[in-house]
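> Chain by chain, the residues:
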Amino acid sequence: MKYEILPWLILFLPLLSVVVITLFTLRSKTVSSLISIGAVVASFILTVIFIHANGFPSTHGVIYTDAKSLNLANETSVNWLTIGNLSVDFGLKLDALSLMMVLIVTGVGGLIHIYSYGYMDEDHSKSRFFAFLSLFTFSMLGIVLANNFLMMFIFWELVGVSSYLLIGFWFEKPSAGDAAKKAFITNRLGDFGFLAGILTFWAMSGTVGFTGLEAWASSGISFGPITMGSGMTLAALLIFCGATGKSAQFPLHVWLPDAMEGPTPVSALIHAATMVAAGVYMLCRTLFLFNAESLHIISYIGGFTALLAALIAVQQNDIKRIIAYSTLSQLGYMVMVVGLNGPTPAMFHLTTHAFFKALLFLSAGSVIIGMHHEQNIWQMGNLRKKMPITFWTFLIGALALSGIPPFAGFYSKDSILAQCLEQKSYLLFGVAVFIAGLTAFYTFRLFFVVFSGKEKSDHAKHAHESPLVMTAPLMILAVFAAIGGFIGVWNDYGSQFIGEHNNWDPLSFTQQLFEPLKSPVAMFIGIGVALAGIFLAFSLYKNAASDPLPAKLGALATWMKNKFYFDELYEATFIRAHDFLAAVADWIDRWILEGAIIGAIRGGTDLSGRALRLAQTGNLQTYTILFVLGVVLLLYFVLGK
Amino acid sequence: MLEISVIGLGLVLLLADLFVPAERRRFVGYAAIVALGVLLVTSLSGNGSCGQFGTAFGGMFVNDALSLFFKQLFIVAVILVLFMAAEFSDKLAEGSVAEYYSLIIFALAGMLFAASSNDFTMLFVSIELITITFYVLVSFQRSKLQSLEAGVKYLILGALSSSFMVFGIALIWGTTGELNFDNLSHFLAQNPEVATSQLFLLGVLLVLVGLGFKIAAFPFQIWAPDVYQGAPTPTTAFLAIGSKAAGFVLLLRVLFTAVPSVTAHWANLLIVISAITILYGNLCAIPQRNLKRLLGYSSIAQAGYLLLGVAALSASGQSALLYYLAGYVFTVMAALFVVTLVMRQLPTEDIGGLAGLNQRSPLLAATLTIAMVSLAGIPPLAGFFGKFLLLKAVIETAQATGNHGYYWLAFIALAGVIISLYYYFGVIRAIYWSKQPADLSPIELSSPARLSIWVCLVGIFWIGIFPNTLLNITNLAAVALGR
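From first to last, the protein sequence lines stand for chains A and S.
The first sequence maps to residues 8 to 648 in this note's numbering.
The second sequence maps to residues 96 to 578 in this note's numbering.
Simulated from the structure, these hints should not be mistaken for laboratory data.
Be aware that a few hints might be false.
[Unchecked claim] Derived DSBU-like pairs (lysine-lysine); straight-line CA-CA distance at most 35 Å:
{"hint": "1", "chain 1": "A", "residue 1": "Lys-188", "chain 2": "A", "residue 2": "Lys-133"}
{"hint": "2", "chain 1": "S", "residue 1": "Lys-530", "chain 2": "A", "residue 2": "Lys-188"}
{"hint": "3", "chain 1": "A", "residue 1": "Lys-392", "chain 2": "A", "residue 2": "Lys-180"}
{"hint": "4", "chain 1": "A", "residue 1": "Lys-463", "chain 2": "A", "residue 2": "Lys-549"}
{"hint": "5", "chain 1": "A", "residue 1": "Lys-180", "chain 2": "S", "residue 2": "Lys-530"}
{"hint": "6", "chain 1": "S", "residue 1": "Lys-530", "chain 2": "A", "residue 2": "Lys-133"}
{"hint": "7", "chain 1": "A", "residue 1": "Lys-133", "chain 2": "A", "residue 2": "Lys-36"}
{"hint": "8", "chain 1": "S", "residue 1": "Lys-530", "chain 2": "A", "residue 2": "Lys-36"}
{"hint": "9", "chain 1": "A", "residue 1": "Lys-36", "chain 2": "A", "residue 2": "Lys-180"}
[What the hints assert, rightly or not] Sample of chain A residues with no beta-carbon within 12 Å of chain S, all distances over it, derived:
{"hint": "10", "residue": "Pro-395"}
{"hint": "11", "residue": "Ile-534"}
{"hint": "12", "residue": "Ala-589"}
{"hint": "13", "residue": "Arg-597"}
[Claimed, not checked] So the derived list for chain A, only partly shown, Cβ under 10 Å to chain S, looks like this:
{"hint": "14", "residue": "Arg-609"}
{"hint": "15", "residue": "Ser-615"}
{"hint": "16", "residue": "Leu-619"}
{"hint": "17", "residue": "Leu-627"}
{"hint": "18", "residue": "Thr-629"}
{"hint": "19", "residue": "Thr-631"}
{"hint": "20", "residue": "Val-638"}
{"hint": "21", "residue": "Leu-646"}
Only a predicted model underlies this, so the values are computations on that prediction, with no experimental measurement involved.
The C-beta atom is built at its ideal place from N, Cα and C for all residues, glycine as well.
Work the whole structure out from these sequences, hints included.
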């Protein structure tokens, strides 16, 4: 591999930026933000150079014999620590999967950095914001490039921390602080399972390296049973817990909508394009560990999350929350298709989703800034005239999300539907189609209410277009949201996942363009429901001043609006139980541990200290006597017996 | 030879006192530092006489890996002490700075001899050279009553311990007819009945009394707090490091070269002394408000930790002791350097004087914090790894010999660490979380002071994070001891 130093630079440049900003340039907003932007853009350029030099190396042709003599051509590592028989390398995995993700993190992330320069312009702690942003980029790159579970877990936690810091960035708002805590704690729940899963696999296989684990898993399957079966399923599901937390799957999905309390670029970067994708990425990276049973469960959890979130999204009124629920729903799609043994469609959708969802969030951010921080869509209206660029970019994003050809989302969503049919999972296919219709409906509900009709408030009348530093990233993302479906993304992931087992020829440009025709049923149904959804939204919301839907759906709408009462349910059960336990523990800690035990020890120590001090009178005669007594004592101790 | 050059340097400094005008005296100190730096580099590079291992003067003087380790340690310590003395010079009596420097250098010569001594005569002479210079160094602030009082206390108790030691040496000579360490151990091997005779053991014990006084081990620790508090701060630093280290090198030589057959039976004695020293130092430090006095008690506790390495009676224990000592040099120097710089203008060294230090000088605040944290033994600093090695050695010995006393010792050492956290963090709290900082004027740092503080910091971190280089050296030195 050429230029092996480059991946290390790519990984550590953002960290360097964190260090420089926190230690030296915290006082200068401009310098700090330029350093942070410079770091991520430089990482992006280095990634492009690296890929240009090496192509997308695939695992194709690697022959696994045993864990020692693996072909490690696509890794670069240094030994990090050895404890007992656990040896951990600090290594980077450089294959098609990770390099494409690096491109997304640095590319989309870079655009969001630039956008933030405009969005956060008036914030007095802009430097801190950019330091956190760089910290997040570093951690995310770490997850993507890690070549073993332990390293991935460390960066996984770092991502959790940086997301906590960014959600709670406006910590003077209580709701932001609460949201940050909620996100962090919910994630920790998932991570606990993740860690337990890692330990289980380590105990079974003796290694935490992905390459070693893959060899172990494949040898176990082909050379006879080791410890397969239910143990394997359990361990795999524990690993999946980690993904449930990060990728916000049911039942740990509750943190993501609240996380919208963070600044909008954060929502775009972390809660749409990258961090929430980490769970899906991790599943794809370690797919070889999952057996059929565990995949089955995963696919249903994914499908359920997708459906639930899409239903909730229909009745939300906060512009960011609608997009957040849509993100949940799309993540459910990805997890579902991973469970249907389709990592390629999952990663494909992840990539296009990163483009169009970041675009939607950033456009929403532009709207919010234009509306002077108003987020309720029923206060907006007719912004098409006032914010033309944002209007067009949002429209492209909405079309891509709804799956209208030839936008990016169409291709990836179609590949998911096709995968459902191919696996003969007709129930999930039905669910996926229904969700596709819902998606188009709520997306265009949002679109029509915000951009057409009449101005519903004074703010809407005085809205203004955002500056170029914000609209330029929008336009670039819009281009990718439009063409992302046929520029080779599928080929890249295909070479990783399909090419591993079969002969694999990359599709040509035209083939990519007409790929969906291979599964015409999926394609036509997909387009049909999307158009139906848009039409329904058009007829209901074109000129609506308030939401006509609650009257028609009755109780269901209330349930949707209140997110099916998950927060309340958790409040009444888990949090109540947790508070009770905490109160008991607090009582024990305060009275028994601290009062009785610690108090006695501390008091005793303190008292003996004061008593001993009395010997130190400062009187020389006393000292001399004590000294001689000491000698006598010593002599008696040794010679007196 | 190293020692001759050092004595020569001391004489030159005395002479320089006559010719250099008073306002340039500070530079005399820097010149001495440069000269010592040259010596250090020479000794490190293995040139000159230092590289040749062997004995001289009829076996009285030995040059081996152990002595080389200690000599380098002493020179580094003295360089730092001289830097500190240069900062402190305006508080010393008018026009006497060069004398102060030259006394430090003479004490250094004594320590270098101590590192190489292989004979009871040599041991006594070198110890007296060190101690007598220290009498003067302690009472050097002639205008300050406390300093004089400390000097007198040190003098009287020191004389007492020296007399015990001479008596002990005489008894050893009387019972065996040998003064050389190597010959003595041969003699004992051939005449095992002498090794158990009461008179001979009494002699050895009395020598240990003298050495115990130097390292401030229980029950001979009583002088330490008063003297540490009263002495000029550079002297305090030098006492805590140089004098203590000299005591330890002699203790190691006597116990493991001269009378190894006796030492092997004294495991319990050493365990008890070590444990009580740790507890005494840590417990007494709790109520202290005077920073130097607190460090005095802390140094008693640290002597107890160092004694763990002796009590372990194994090469790994001795190696850990040396390792700990090396980290201790930088840590104590860093702490006392800050004390010197902060307390220069204040009448007392009360902890309250640290209030608001983080605003007055972030570097000093960070340095003192790191020093305290390292003394408490928290990773990744020097103090942690040293304590870890010492405890590891003790546990290993416990497993090898089955003596349960060692487990108790390890337990007490850990308890001591926990107690010490209380008062070390009290210092840190005083820096950052004091209520009403009276004075927030920034503290000016001269560039030599800044340099030496950075040297200490780098030392603390380097020893804690990259232990292997130093560990190789200390292992070699420990092997030399058991020859």
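> Please flag the earlier hints that this structure goes against, numbers listed from lowest up.
Violated hints: none at all, because every hint is consistent with the structure.
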